[in-house]
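Protein chains: 2
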Amino acid sequence: MLKLQQLRISSSLLSPKKFCNFFPPKNPSSVITINNKPILNLSSQMVFHTTPSHASKYLFRQLFEKDSSTYTYLLADVSHPQKHAVLIDPVDKTVDRDLSLIHNLGLKLIYAVNTHVHADHVTGTGMLKSKVSGVISVISKASNAKADLLVESGDRIVVGDLVLEVLPTPGHTVGCVTYVTGDGPDQPQPRIAFTGDALLIRGCGRTDFQGGSSAELYKSVHSQIFSLPEETLVYPAHDYKGFTVSTVGEEKQYNPRLTKDKETFKSIMENLNLAYPKMIDVAVPANMVCGLQDPVPTTH
Amino acid sequence: MLKLQQLRISSSLLSPKKFCNFFPPKNPSSVITINNKPILNLSSQMVFHTTPSHASKYLFRQLFEKDSSTYTYLLADVSHPQKHAVLIDPVDKTVDRDLSLIHNLGLKLIYAVNTHVHADHVTGTGMLKSKVSGVISVISKASNAKADLLVESGDRIVVGDLVLEVLPTPGHTVGCVTYVTGDGPDQPQPRIAFTGDALLIRGCGRTDFQGGSSAELYKSVHSQIFSLPEETLVYPAHDYKGFTVSTVGEEKQYNPRLTKDKETFKSIMENLNLAYPKMIDVAVPANMVCGLQDPVPTTH
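These protein sequences, in sequence, are chains P and C. My numbering applies: residue 1 is where the first sequence begins, and numbers increase by one. My numbering applies: residue 1 is where the second sequence begins, and numbers increase by one.
Don't read these hints as lab results, they were simulated from the structure. Because the structure is a prediction, the values reported are computed rather than measured. Ideal Cβ placement from N, Cα and C applies to all residues, glycine included.
DEER-style ranges, computed between Cβ atoms: (1) Lys131(P) <-> Lys219(C): 37 to 43 Å; (2) Ser133(P) <-> His103(C): 48 to 54 Å; (3) Ser267(P) <-> Ser227(C): 56 to 62 Å; (4) Lys146(C) <-> Asp96(P): 40 to 46 Å; (5) Ser100(P) <-> Pro277(C): 26 to 32 Å; (6) Asp281(P) <-> Asn273(C): 38 to 44 Å; (7) Ser130(C) <-> Pro256(P): 24 to 30 Å; (8) Pro277(C) <-> Asp96(P): 25 to 31 Å; (9) Asn273(C) <-> Thr264(P): 52 to 58 Å; (10) Gln253(C) <-> Glu152(P): 37 to 43 Å; (11) Pro229(P) <-> Ser130(C): 35 to 41 Å; (12) Asp67(C) <-> Thr264(P): 30 to 36 Å.
Looking at chain P on its own, in the form it has when it is part of the complex (with noise of 0.2 Å):
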């Protein structure tokens, strides 16, 4: 396994002279109604509903996969000489198409990043290990899984000028994290955080297996992915309505489940009665591993 310090050296091609220059104004906060309804606050709304503001510098790219409505995303900085680049939650399925992309975009792939161990998939982690040589895989070291980089709460994953935090939250599973970009003046206007399954628009992840707690993925959401900016980008792992994108404001207001109470909330995550994850026999055990492709023997 690779130490992250010696990952960290990359931060050494941080330029502060490299960014976009493009900062969202910063509007009075006045509240509007609908119905004596509020709705979010005028600010938010003018600077939270939107893609990522981060035009000329970093690359973006929403991916998705539909047997398990799984989202790959895409980072690169394109100021790098190298174009580094970044994959968050890759789908073995569809790695040749995002191989594809990154070629045709001229990125070089450093990072395979997973915020957990999915249940529902298998991570393109392994595969992408095996096609591209050089790339460093990434999980939570809270997940017990493998990879060659073990992250935890504070780390950051450096691509190029782009920053990733390494926030924990679990509650869906033990090792879940979410990875937001920095908060710096060269990073990403608003923030993007990409919540894995923790926090998923207008829903979140179930806390039935896999050492999952619905007590703390509230604990969770709330202290770890609330507490940010209310503009912050939030893209998560899946959306099973086809909704793309959403904010923590957003969230904060209209989550059916994580705006309750705690008490509501665990009421809620212990009836949901959902059947038997029908991957999970394979995925996990795949994912434990970074999805290497070795037969993985299931249980049922």
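On the provided structure of chain P, position chain C as indicated by the hints.
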């Protein structure tokens, strides 16, 4: 039917002072290669492959309907006092989702727009009109479909300060149009082209029904879309591989059909051997009247 001239009165709401002062830097173009194969030029790398950079003024959301792999787009001018909004290519099945989002975001839906008479799903336009008073349905005059507003080449749809220009792009159907955001400094940078089924990401719509013509489609894409600035974002009506966005520059270089010469393109389109569109006999009659929910007889 409303007259376009009446609707254009809303363009008087345009205020040149309202825009967010962000312009991507103009980078000099320089060709780079991988394995001696040229990839996108540097200026496109820096500017093209990103999401729209109009964070503080315009809202943009991409929405997906899984059964027909259709993208619906929500755009709004959130600096407008009433936050005027437009939906492009809404789907009947997801109207409630879209209206819930519009309500959450505090927007006022003004237009429900179609790029063409769809054959694979029923448009949500009719349902939107029945659920939200004042919504104006829009489709091209050349489609011969019914709508409140029939647009043709050179027309502009104005939503707050946001302008959508109408480009005729027939070939998939006789009445296909592309809506592209305006070219002014108060418009999204890069421009955004909603290409319907004329240009898909690394593909294009079939040309064997509804007045389709491969020769016409080739001419449309090359003259109307490929002539836009290379950094223009391409948001199509569908994607079947999980891509969410492309650029004119990317498609000019990597589209496997439309990079070919015209005769090769015609040959490709004439030999696709696609199945008969399973929804066409329901969808087309419904969509010729904006998807109004009257019972529609099917021919088989």
